[in-house]
Every structure is written in C-alpha cells, then in structure tokens.
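Participant: Protein chains in written order, with the numbering used here: chain W, 93 to 490; chain V, 110 to 386.
If you're looking for bench data, these hints aren't it; they were derived computationally from the structure.
One or more hints might be untrue.
To be verified - Only part of the chain V face toward chain W is listed, based on derived beta-carbon distances under 7 Å: (1) THR164; (2) THR165; (3) LEU168; (4) ASN248; (5) GLN285; (6) GLY330; (7) ASN348.
Unchecked claim - When the alpha-carbon atoms are kept at most 30 Å apart in a straight line, the in silico DSS-like pairs for lysine-lysine are as follows: (8) V:LYS297 / W:LYS483; (9) V:LYS278 / W:LYS482; (10) W:LYS221 / W:LYS414; (11) V:LYS291 / W:LYS482; (12) W:LYS120 / W:LYS483; (13) W:LYS177 / W:LYS373; (14) W:LYS354 / W:LYS221; (15) W:LYS373 / W:LYS403; (16) W:LYS247 / W:LYS221; (17) V:LYS275 / V:LYS297; (18) W:LYS204 / W:LYS403; (19) W:LYS373 / W:LYS354; (20) W:LYS483 / V:LYS291; (21) W:LYS221 / W:LYS373; (22) W:LYS354 / W:LYS305; (23) W:LYS482 / V:LYS297; (24) W:LYS221 / W:LYS177; (25) W:LYS482 / V:LYS275; (26) V:LYS196 / W:LYS308; (27) V:LYS291 / V:LYS275; (28) W:LYS247 / V:LYS234; (29) W:LYS483 / V:LYS278; (30) W:LYS204 / W:LYS247; (31) V:LYS297 / V:LYS196.
Said to hold, decoys possible - Which bits of chain W does chain V cover? Going by a derived footprint, with three or more residues having C-beta under 8 Å, they are: (32) 123 to 134; (33) 166 to 176; (34) 183 to 192; (35) 196 to 207; (36) 443 to 451; (37) 460 to 469.
Even glycine gets a Cβ: it sits at the ideal position worked out from N, Cα and C.
Take a look at the letters that make up each chain.
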Amino acid sequence: MKKILCIIASVLVCAYSVLPAFAVDKPKDYSHLKGTEINVYNWGEYISDGAEGSMDVNEEFYKETGIRVNYTTFDSNENMYNKLKGGGANYDIVIPSDYMIARLIEEGLVQKIDFSNIPNYSNIMDQYKNLYFDPTNEYSVPYNVGLVGIIYNTKVVEGEPDSIDLLWDERYAGKILNFNNPRDAFALAQWKAGIDLNTTDPDEWNTAFELLKQQKPLVQSYVMDEVFNKMESEEAAIAPYYAGDFLIMNENNENLAFFYPKEGTNIFVDSICIPSSSQNKEAAELYINFLIRGDVALQNAEYICYATPNKAVLESEDYSLKDEEILYPENMDELVTEYFHNLDPQTQLVMTTLWDSLKIDGNENASIYIGLISFVAIVFIVVIVVAVRKKRRASYYD
Amino acid sequence: MNKNSSLRMKLYASPHIVWSAIFIVVPLIMVAYYSFTNADGAFSLENIYRLSDYTTTFLRSLWYGIIATIICFILAYPIAYIISQSKLRIQTTMIMLAMIPMWMNFLIRTYAWMNILEDSGVINKILTTIGLEPVHMINTPGAVILGMVYNFLPYMILPIYSVMTKLDKNLVEAAQDLGAGKVSVFAKVVFPMSVPGIVSGITMVFVPSVSTFYISQKLGGGTFALIGDVIEMQFQISNNFHFGAALSLVLMILILICMAFMNRFSSNEDVGGGMVI
Numbered sequence: 093m094k095k096i097l098c099i100i101a102s103v104l105v106c107a108y109s110v111l112p113a114f115a116v117d118k119p120k121d122y123s124h125l126k127g128t129e130i131n132v133y134n135w136g137e138y139i140s141d142g143a144e145g146s147m148d149v150n151e152e153f154y155k156e157t158g159i160r161v162n163y164t165t166f167d168s169n170e171n172m173y174n175k176l177k178g179g180g181a182n183y184d185i186v187i188p189s190d191y192m193i194a195r196l197i198e199e200g201l202v203q204k205i206d207f208s209n210i211p212n213y214s215n216i217m218d219q220y221k222n223l224y225f226d227p228t229n230e231y232s233v234p235y236n237v238g239l240v241g242i243i244y245n246t247k248v249v250e251g252e253p254d255s256i257d258l259l260w261d262e263r264y265a266g267k268i269l270n271f272n273n274p275r276d277a278f279a280l281a282q283w284k285a286g287i288d289l290n291t292t293d294p295d296e297w298n299t300a301f302e303l304l305k306q307q308k309p310l311v312q313s314y315v316m317d318e319v320f321n322k323m324e325s326e327e328a329a330i331a332p333y334y335a336g337d338f339l340i341m342n343e344n345n346e347n348l349a350f351f352y353p354k355e356g357t358n359i360f361v362d363s364i365c366i367p368s369s370s371q372n373k374e375a376a377e378l379y380i381n382f383l384i385r386g387d388v389a390l391q392n393a394e395y396i397c398y399a400t401p402n403k404a405v406l407e408s409e410d411y412s413l414k415d416e417e418i419l420y421p422e423n424m425d426e427l428v429t430e431y432f433h434n435l436d437p438q439t440q441l442v443m444t445t446l447w448d449s450l451k452i453d454g455n456e457n458a459s460i461y462i463g464l465i466s467f468v469a470i471v472f473i474v475v476i477v478v479a480v481r482k483k484r485r486a487s488y489y490d
Numbered sequence: 110m111n112k113n114s115s116l117r118m119k120l121y122a123s124p125h126i127v128w129s130a131i132f133i134v135v136p137l138i139m140v141a142y143y144s145f146t147n148a149d150g151a152f153s154l155e156n157i158y159r160l161s162d163y164t165t166t167f168l169r170s171l172w173y174g175i176i177a178t179i180i181c182f183i184l185a186y187p188i189a190y191i192i193s194q195s196k197l198r199i200q201t202t203m204i205m206l207a208m209i210p211m212w213m214n215f216l217i218r219t220y221a222w223m224n225i226l227e228d229s230g231v232i233n234k235i236l237t238t239i240g241l242e243p244v245h246m247i248n249t250p251g252a253v254i255l256g257m258v259y260n261f262l263p264y265m266i267l268p269i270y271s272v273m274t275k276l277d278k279n280l281v282e283a284a285q286d287l288g289a290g291k292v293s294v295f296a297k298v299v300f301p302m303s304v305p306g307i308v309s310g311i312t313m314v315f316v317p318s319v320s321t322f323y324i325s326q327k328l329g330g331g332t333f334a335l336i337g338d339v340i341e342m343q344f345q346i347s348n349n350f351h352f353g354a355a356l357s358l359v360l361m362i363l364i365l366i367c368m369a370f371m372n373r374f375s376s377n378e379d380v381g382g383g384m385v386i
C-alpha cells in the first residue's frame, strides 16, 4: 500500500513538474534581471513613496525583483519632452499625459510594449483602453485619470457657483489664481468662449487670449504647485486645478469646495510608456506590471488621490476614496469633457507667442521709461562733473 | 631656458584652456548659432525680428536690476565698512552672519519670502494683531526687488569688505596728519580706494538681478515677466531653443555694454582719486 502511494506521489510530482511546460500562463522567469537598474521619470508627488506609513513602491519593487529604480520627476509634459528629445538622459519608464503621448508616438520617441510581460493589464477598465492617442493599445498603460475643476473658498464666494465665469468675476479681483502653463490656462478661456480646445484657427486662439488678457487684472498670480499653499492659507479664494489635488487641499482646509464648470472641462489620462532609448525594456515591463497590480495600484491611488483606471482598486474593500463624488462623479456622463490633442508646431507657436505677450504685459511701463531715462541722465551728469573736476585739478598741477 | 619655461607654463595652463574652451567658448558659439537659425537649421533672422516685441521686458529687467543694485550698494557699503573697522574676532563672526543665509538654497529662501509677504503672511498677521491696516506687498515690483536685494546682498558685501581690509592704514594716517577731517579722509582716501571692490560687487549683483527668473515668478506672481522668465519659458514650455538663444544673446550683449561702461567709468575715478599713489 505504501509503495503504491509512493508511486502515485512520484507520478504526481513528475506530472506537476512537466505540466507547466504546457500551461499557457506559466509565470515567466525574470531572475536574470536581478541586479539591473531602471530609470523612471514621473510627475512630482505622483507615486506612493513611503511617507506617513504608505508603501514605498520603488523599494517594494526592488525587494521583489532585485531591480533598482532610479526615480526622477518632472513638472510639466513639455519639460519631460525636452529631456527625452534632447537625448541626454536615458529613461526606461515615462508617465506623460495623453496629448504628449500622441506626440511621442508620432515622433517615434516611445516604443511598443510587450504585453505578454504585463498580465495585470486585465486590471485596466475597458473605458480607458483604445483611447485616441493609442487606439490599438500598443504603446501605453493608463496610470491615472483626472479632470480639471474649480476650487473655491466658501467663506469668500457667495452662493454655489457652477460656471467658469467665476474666474472672471470682478467681485473677487485679486483673489483668483490661474494656471502657470499655457495649455491649461488657454483651455479655461476656450471653454468660456465656447471654442474647441484643439482648434488650429489662430483667430480662435486670439479670442481666448483676449479673454485671458481681460482676466489678468483680476488674477492674483499664475501658479502651479504653489496653489496648495495659497488656497490652504486662504491667500487666494478661487483657483482652477486638478480634481485629485483638491482632496489634499480640502484635508487641510475645510472651507474649500469644488465644482466642475457646466461649460465643460478638460479630462486627461496619464499613461505609462517605454521610451525608444530604453536600455532595460524587460525590466521596465516588469515595473509596469508591478504598478498596475491590485495592491500596489491601491497604495498609489490612496496616496495620489487621483481617479484610477484600475478595476482591482475600485473593487477593493480597502479603497477609501471609492465613494468620493469628486473623483467618480455620478453624473459623469452629463459632464462635458474633452481631451487635449497634440497641437501642430504652427498652432503651438501661436499659443506660446500669445502666452508670452500675456505674461510680459505689465501695467507700470511708463514709470520704467521715466526711471531709466532719469537714471541715464544722472549717470551722464556725474560723468561730466567728474571729468570737469579732473580737468580743473590737472590745471592746478600745470 | 627661457623658451623652455614658457613652454612649461603653457603646458600647465592647458587644462584650464581646454576647460574654458569646452564649457565657455563652445556654449557661447552654440548660443550664437541657435540665435541665427530656425527649427530646420537654416539661417534666419526671424528670431531677431521677434525681439522687438520684448523691448519693454528688457527695459523692465534692466530697471529692476539697477534699482536692486543701488539698494544693495547703499546697504552693503556701510556694513562692509563697519565690519572692516571692528576687531578681528568680531569681523569673522559678522562675515559668517552675512554668509549664513547663503548656506540655504536660494529657491527655498525665495519661497520663504512668499510666505512672509503674502496678504495672509507673517508681516500682515502681525500688523493686524497690533491693530494696523494690512499692507499689500506680494506680487508687486517692490516685492521682486526686495527678493533680489535679499538674495544678492552678500555678493556686494564680500568684495567691498575684502578691499577694505586690505586698505593701508598708513594712508589714512597720512591724510589725517595733513589735516584732513573725517569726511575728507573718507571721500578722498577710503572711498576711492574701495572702488575696485564696489565695481566687482556691482557686477556680481547686477548681472544675476537682470537675468533672474525665479524671484519674479514667486514674488511677482508671474503677472509681469522679466527677461529671465521669458527665456525660461522658451526652453521649458515653448520648446523654442532658437528664440530663447536669441533672447539670451541680446541679454548678454546688454550686460556686456553696461559692464564695459562701468569699468570705463570706474577707471576714470581711480585716476582722479588716491589710486595713483
């Protein structure tokens, strides 16, 4: 009897050891990647980094795979593009937004991903697949989803605003902030004027510019990350910003409220890509797979507070933001939203030139001219006086 | 022998020459090259034509730079003089105190000023608690100039101080022996002899003030750009390296003209003053 059991057991052992060779979803062996490195280039404050008891995602990845992560951050898509295009740095992972991904694909700066290394891709919700910038899902894996909305201080703003006109409301002059990047700032004016965000008509860009110019006297400052400080300390009362970041501000100041303007708003998807210059593609794919694995994505979603495109996170019991109305609005279908598309170089030049002229336009130009002219006059007089005295002194010695 | 040693001298200098060539001359040539080409790499004057739209920005930067430099000078000269006249131990401590803010990063210091000057910032909170009217300070040209003065003041103090400490006391005594009062000792001996320090101090404050971008963004609220901001925008946002290079080139030339004028002016001063001795 014992013998028979032994035989059965050994047959079973043999069968198990042979079986995986035929199985479809045999886990791949990545042990050869141990000790290698990958360079990750991501937005600032856009990954769970171990602060306040959260998971340190990059450290965890190292523990599991033995692959070291060199992590650096950028603060705008354009900034990231310049680095990548310049070719001075090598990255294995970048996480830009939609329109920038379209541009990177067009210019061949990112490469196709081998999805057989990313089984967790099944976690991504269908509505975030086949997006316009990557219609066949070959280049990118969605990381976060977001909407732009308007944050306001209920102590200052009367009633319950629902329109983008709030940003042009003269009653709140000097209390309004705006984006310090042209694309987002122009988008607000475009919604107000009812212009398509991706228009290529210079006249329409001009219309939006006129609106921004009209808004400028009301604007306290053009900001990006300083918005947190300024809104929390109530230095400013109205600011357009990304929905996820409002949650963080609201934690620190309960007087803040948020709405999506009825005219419409910009929706964006930040996706993970692998640059063409990647030196360690397989490890990069392993990293992508790790980032969208249920537990890791959950940690990131909790930390970053942006809406997630990850099914596993939304279905998780531990996800505290699941019912957050701002991230997952019930009337999502009623919201008017539009993605940014990549602008052609001509339109881009139009936009940035208009943006320049918006920023350089000061209101105390006359005083500058007067000041400079009087300064030059004083210097001139001093030079002459010194020269005259010198001559006089020289004549003494003669 | 003579020939040999000069060859050796050249050999010793060669690392420095190579270094300067790679990191100073080549970048300058690249700036000039980018200024006169367009995105396709063809020769073009397009960037230069566009510059005229930015005249006011250039003038504004120059004006703010001049004001900041003058204020720095007015503050730094007495400070440097007082420090140089005190005992050696006190001197080291005071110079240390002047240097300490520079140990902290310039960006953090500027950010801190933002919190101090804001309408709900430290100063206004104190003013309102003692029953005074709050003052609006942030996002004004005054705040930007304050930021420049604060950040670059040590660069004015140090060169003036180092000239003052080397000042020959015998000359002062000689002047006193000849019957000069305190005022004329200062005006005829001390001040003319400190001119080289003043010139390098002015250079070290004026140049970074004119080209700054961070200070105007944080303390000016980004509502009136200086030329440094515009250049930064070309590289960071617009991805228009050619126009950015053209702006930088003009800025460099402007600064060079100002410096040349100042050096000429100061060397006149030297001849007129005590330096002939």
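Participant: For each hint, tell me whether it holds in the structure or not.
Facilitator: Here's how the hints hold up against the structure:
Annotation: interface hint on THR164 of chain V violated; nearest CB of chain W at approximately 10 Å, more than 7 Å. Residue-level restraint check for THR165 of chain V holds (minimum Cβ-Cβ distance to chain W is 6 Å; threshold 7 Å). The criterion of a C-beta within 7 Å of any C-beta in chain W is met by LEU168 of chain V, whose closest approach is roughly 6 Å, and the hint holds. At a threshold of 7 Å, the smallest CB-CB gap from ASN248 of chain V to chain W is about 6 Å, leaving the interface hint in force.
Checking GLN285 of chain V against chain W: minimum C-beta separation of about 21 Å lies over 7 Å; hint violated. The interface hint given for GLY330 of chain V holds, since its Cβ lies 3 Å from the closest Cβ of chain W, which is under the 7 Å cut-off. Checking ASN348 of chain V against chain W by beta carbon gives a least distance of about 6 Å; that is within 7 Å, so the hint holds. Using a Cα cut-off of 30 Å, the hinted pair LYS297 of chain V and LYS483 of chain W holds, with the two alpha carbons roughly 17 Å apart.
Pair hint LYS278 of chain V plus LYS482 of chain W holds up; C-alpha atoms about 26 Å apart against a cutoff of 30 Å. The suggested pairing of LYS221 of chain W with LYS414 of chain W holds, with an alpha-carbon distance near 21 Å, which does not exceed 30 Å. Taken as a hint, the LYS291 of chain V and LYS482 of chain W pair is honoured in the structure, with Cα atoms around 23 Å apart against an allowance of 30 Å. At most 30 Å may separate the alpha-carbon atoms for a hinted pair to count; LYS120 of chain W and LYS483 of chain W exceed this at roughly 91 Å.
For the proposed pair LYS177 of chain W and LYS373 of chain W, the alpha carbon gap of about 19 Å is at most 30 Å, so the pair holds. Restraint check for LYS354 of chain W and LYS221 of chain W: the C-alpha separation of about 26 Å stays at or below 30 Å, so the hint holds. Between LYS373 of chain W and LYS403 of chain W the CA atoms are separated by roughly 26 Å; this keeps the pair inside 30 Å, and the hint holds. The straight-line distance between the Cα atoms of LYS247 of chain W and LYS221 of chain W is roughly 41 Å, outside the 30 Å bound, and the hint therefore fails.
Annotation: proposed proximity of LYS275 of chain V to LYS297 of chain V holds, straight-line Cα distance about 17 Å (limit 30 Å). Restraint check for LYS204 of chain W and LYS403 of chain W: the C-alpha separation of about 23 Å stays at or below 30 Å, so the hint holds. For the hint linking LYS373 of chain W to LYS354 of chain W, the alpha-carbon distance of about 43 Å lies beyond 30 Å, and the restraint is violated. The hinted pair formed by LYS483 of chain W and LYS291 of chain V meets the criterion: a straight-line CA distance of about 26 Å does not exceed 30 Å.
Restraint check: the Cα-Cα separation between LYS221 of chain W and LYS373 of chain W comes to about 22 Å, which is no more than 30 Å; the hinted pair holds. For the suggested pair LYS354 of chain W and LYS305 of chain W, the alpha carbons sit about 22 Å apart, so the restraint of at most 30 Å is met. Note on LYS482 of chain W and LYS297 of chain V: the hinted pairing holds, with a Cα-Cα distance of about 13 Å set against a maximum of 30 Å. For the suggested pair LYS221 of chain W and LYS177 of chain W, the alpha carbons sit about 26 Å apart, so the restraint of at most 30 Å is met.
The straight-line distance between the Cα atoms of LYS482 of chain W and LYS275 of chain V is roughly 26 Å, inside the 30 Å bound, and the hint therefore holds. Straight-line distance between C-alpha atoms of LYS196 of chain V and LYS308 of chain W comes to about 54 Å, which puts the hinted pair past the 30 Å bound. Between LYS291 of chain V and LYS275 of chain V the CA atoms are separated by roughly 19 Å; this keeps the pair inside 30 Å, and the hint holds. Distance hint between LYS247 of chain W and LYS234 of chain V is fulfilled; the C-alpha atoms sit about 19 Å from each other, no more than 30 Å.
Proposed proximity of LYS483 of chain W and LYS278 of chain V is supported: the alpha carbons are some 29 Å apart, at most 30 Å. Among the hinted pairs, LYS204 of chain W with LYS247 of chain W is inconsistent with the structure: their alpha-carbon atoms are about 50 Å apart, more than 30 Å. A hinted pair counts as satisfied when its Cα atoms are at most 30 Å apart, and LYS297 of chain V with LYS196 of chain V qualifies at roughly 24 Å. Given a C-beta distance limit of less than 8 Å, the hint that chain V covers the segment 123 to 134 of chain W is violated, as 0 residues qualify and 3 are needed.
Note: the segment 166 to 176 of chain W has 5 residues with beta-carbon separation from chain V under 8 Å; the three-residue rule is met and the coverage holds. Check result for the segment 183 to 192 of chain W against chain V: violated, 0 residues qualifying (beta carbon to beta carbon below 8 Å, three or more required). A stretch counts as covered by a chain when three or more of its residues have a beta carbon under 8 Å from one of that chain; for the segment 196 to 207 of chain W and chain V the count is 0, and the coverage is violated. With 5 residues bearing a CB less than 8 Å from a CB of chain V, the segment 443 to 451 of chain W meets the requirement of three and the coverage assertion stands.
Coverage of the segment 460 to 469 of chain W by chain V holds [criterion: at least 3 residues with CB-CB distance below 8 Å; count 5].
In this structure, the hints that do not hold are numbers 1, 5, 12, 16, 19, 26, 30, 32, 34, 35, in rising order.
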